[in-house]
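Enquirer: Here is what each chain is made of, one letter per residue.
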Amino acid sequence: MTAQTAVRPRKKTFQHTLRVMWDYRWIYLMLIPCLAYFIIFKYVPMYGIQLAFKDFKLAGIAASPWNNFEHFKYMMSEPQFLPALRNTLIISFYRILFGFPFPIILAIMINEVYMPRYKRVLQTIYTFPHFLTWVVMAGIMLNLLGSTGMVRKVSEVFVPGIGENWNLMYNKNAFRTILVVSDIWKEAGWGTIIYLAAITGIDQSLYEAATIDGANRFQRIWYITLPGMINMIAIQFVLRVGAVMEGGFDQVFNLYTAPVYETGDIIDTYIYRLSFVKSTGINLGFTTAVGLFKNVINFVLLMLANGVTKALGQETVL
Amino acid sequence: MKKLLSLVLALLLVLSLASCAKTPAADKPASDAPAADQPAADAPAADAPAADAELEPIVLTQNVLNAEKQGTHARNEFVKEKFNLTYEYIPVSWGDWNEKIRTWIATDDAPDLIYWDLKAASSTEYFDWAKQGAFAPITEAKISNYPNLYDFYKTSESVAAFKVDGELYTWPASRNNPPEIDNAYTSYFTIRKDWAEKVGLYQEDNEYTWEEWKALLAAVIAQDPAGNGASNAALVLPTWGFPNGAVTFLNAPAAEGNETCSYIIDEETGLYVWPAATEAYKQAVVETYKMYQDGLIYKDNISFTGSESDDMFKAGLAFAAYNVAGSLNSWSDDMMRKGVIENKDALAPAVVYGMDGNWYMTQTEDYWCVTSFNHKITEEKMDRALMFWDFLNTTEGIRLRWLGIEGVDYKVTGENPEDVEVLWEFDEATNSYVSPYVNFEFNEANSAGLAPSGNPAEAQYQEELKQIVWDKMGEGKATVKKVDYAMSVFDGENKNKYGTFGSDAKERMIQILADPNCDPAAEWDKFIEEMMPRVQPVLDELNSGLLGK
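Same order as they appear, the protein sequences are chains P and F. So in numbering that gives the first Met the number 0 the end of the first sequence lands on 317, straight run, no missing numbers. So in numbering that gives the first Met the number 0 the end of the second sequence lands on 548, straight run, no missing numbers.
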């Protein structure tokens, strides 16, 4: 009995918690700005979620009348909503399928470069496009792929006549590919940073031992580098799946045009057009309803991905 | 160090939160302007003090374009001295203007003067907000104290259209157009006259039939008179006018203002119809398609989102740009400075007749933008703003906007506003005066209405170009597609919900253009069939509500 009492961890009392907080008061004080940020900008605005179920009036959210899910009914009846939802999911799926592995592969490749100076130059080149805005990138894309662009001119040299009726930027069948490729081009280099950091944390003696044991380069990557990165990959994957309903507004908005709406219009761009292009003006209740719809799906997917990752024995975000 | 850092961070947070707090209202609210949750009510009349009376200092907040160029020149000093009035400018840009206003109104955080790019065709929000008490009323009793504003109040169609239960909640800035142009956009194509001459198809009278116009564009593409190679372009259109500026704006049926598509009364049936569903519109779609596929309209115009069409023209890469009178002078100056053209004569305005031989002009509202008063504004502030606007419509006020300060920028030689001797330096090369205010803006003056044309500081060249277009209008050659104010501001459940479907029509037209293998007429029929279940209820509302049918 006495022994049992001795090993049982002491129950933490509220006073104990307060004492610990007092002991580390300066650390906790530094936490306040961060906490305040999340409370003010993330939690307090949640009060506004009720707008999704109300007709907004200038008198305020509380005074706005409930509307019996009218915004959700309207959302489902709008002919462009479901195509936009489908496009969002497909584009996100493509980004995960093709875009997610790319920084991992690139990070491994950069890590395998032996010359430090060359490695740094490569990293700079790959990372640079991240710092260009999508407005600039869209201009570059138009200059490359447009009707007077470089790709058309070069193509005509090899395939005469191919330039007639050239409309790569306005081809709905090519648009998703353009989105995914340009996203990889812009962001893959930046994405390698976190994976390179994970690789840096791998114990070098493992590589040395593997080399002595006769492992070739690919075996070292397969059996040491990848397993060393797997926790980071799992965390990144969970976070990426949790943002599946974010189709990349900046990119799509700057690259898309009316001819590619059928395959490129995502929920965010659709809402933008509904709010700022159509002649009826913004409907705060409706846009809140769509936002809520998106976030609920994102939340469910995040929990799902987190659960699956946990079940597979990897580190998770929650 | 750790303690100090923590304290500094915490202090910064407190300060940043404190700075977010609203400033308390300095004075009593304007008239009986209602709170946001109360219905609007009349404001009692107030006598406007004379401009030379002792005035208490007033600071007005107003959103303006190009805020960074505001408030630092002699005209602002003049306003401060004469009216004891200072402006605090809140920046907006064309891209975020309406978005910011929506946010301000929703959060009850608008400036004193809400300067607004409000169009009659998209005025649902205005009426909704006015009914909810977002704006202070501009009562007739109040505005009658300001004779120059009251003239417009009594005669303006838009003032009548924007009244809610008999009360006005926004001040439309009169375009002050000469009556002969009937508030029609003096739209034409700015062309490279030198290129047209090179291909041998220039018309001395600057008038082109539809076939002559297309032949001219085709010749430019075929002959590439400037030697631009693969980048050679014939016609470029501004974002707001693409693709309708190429054909639809120049032909029947009517469109309202700059809208690509609204509702018009069919002459045969006497009922409201959706223009996109008419044969004339379909014909325009097919013609636009042919021109685009033939390369007469620049292919990448689809991707333009800003000033690319103007930039292309000014860079010497395009033959023609859709334009309105007023830009030609600055364009030619720009192009001369950059060495793209050698003299102003290289540009000309081309008037193009429609497919049926008529010259169609699209009328716009009788105002440019509007200014509403925040419902929390004080009587004093409102009166001071109205007093200032009234002055800006006097002879002295017009000269202040055109030129600046008497004795410094001009000398008076007669009674009319234009009877002045301009004191600015004259540039022989551009045949125009060099304004010392070229890098400054005076946009707060726009709320009073645009300064009338006839500015003596404008180059004669500019006046002559405008006159070419206006003369033709005066000769009765133009068919003006009128604004229908009653239809624009009609309050109907479906119309409020769906609007004009203008952006739907524009989107589909662009989609058709981009498909080189489609049958445009068949595609348009299909589109109309898809849309009519939503359009018809709006038409039914208009026909029963406005025509009683």
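Honestly, I wouldn't trust all of these hints.
[Claimed, not checked] Think about it this way: if two alpha-carbon atoms lie no more than 20 Å apart in a straight line, the pair counts; the simulated SDA-like pairs of lysine to any residue are: (1) K277(P) / E379(F); (2) K313(F) / D223(F); (3) K277(P) / K496(F); (4) K99(F) / I211(P); (5) K197(F) / D223(F); (6) K72(P) / I48(P); (7) K277(P) / G491(F); (8) K192(F) / Q466(F); (9) K197(F) / Y184(F); (10) K130(F) / N142(P); (11) K153(F) / E139(F); (12) K309(P) / I183(P); (13) K375(F) / P178(F); (14) K79(F) / E379(F); (15) K375(F) / A58(P); (16) K471(F) / P178(F); (17) K496(F) / Y271(P); (18) K185(P) / N142(P); (19) K277(P) / M530(F); (20) K56(P) / F68(P); (21) K72(P) / N493(F); (22) K41(P) / V285(F); (23) K298(F) / R239(P); (24) K197(F) / L316(F); (25) K152(P) / N493(F); (26) K277(P) / D127(F).
Source of the hints: derived by calculation from the structure; they are not laboratory data.
Enquirer: Run every hint past the structure and note whether it holds.
Expert: Consistency of the hints with the structure:
1. K277(P) / E379(F): violated, 38 Å
2. K313(F) / D223(F): holds, 17 Å
3. K277(P) / K496(F): Distance ~10 Å between K277(P) and K496(F) Cα, so the pair holds.
4. K99(F) / I211(P): Violated - the C-alpha atoms of I211(P) and K99(F) are around 66 Å apart, more than 20 Å.
5. K197(F) / D223(F): At roughly 10 Å apart (the allowed maximum being 20 Å), D223(F) and K197(F) satisfy the hint.
6. K72(P) / I48(P): holds, 17 Å
7. K277(P) / G491(F): holds, 17 Å
8. K192(F) / Q466(F): Measuring from Cα to Cα gives roughly 18 Å; hence the hint holds.
9. K197(F) / Y184(F): Distance of about 30 Å is beyond 20 Å: violated.
10. K130(F) / N142(P): violated, 49 Å
11. K153(F) / E139(F): Distance of about 9 Å is within 20 Å: holds.
12. K309(P) / I183(P): violated, 28 Å
13. K375(F) / P178(F): violated, 37 Å
14. K79(F) / E379(F): Holds: K79(F) and E379(F) sit about 15 Å apart, inside 20 Å.
15. K375(F) / A58(P): Holds, at about 14 Å.
16. K471(F) / P178(F): holds, 14 Å
17. K496(F) / Y271(P): holds, 16 Å
18. K185(P) / N142(P): holds, 16 Å
19. K277(P) / M530(F): Judged against 20 Å, a Cα distance of about 15 Å means the pair holds.
20. K56(P) / F68(P): Given pair K56(P), F68(P) holds - Cα atoms ~16 Å apart, limit 20 Å.
21. K72(P) / N493(F): holds, 16 Å
22. K41(P) / V285(F): Not OK: K41(P) and V285(F) at ~51 Å, beyond 20 Å, violated.
23. K298(F) / R239(P): violated, 37 Å
24. K197(F) / L316(F): holds, 15 Å
25. K152(P) / N493(F): violated, 49 Å
26. K277(P) / D127(F): Roughly 16 Å separates the two Cα atoms, so the pair holds.
The structure fails to meet hints 1, 4, 9, 10, 12, 13, 22, 23 and 25 from the earlier list, while all remaining hints are met.
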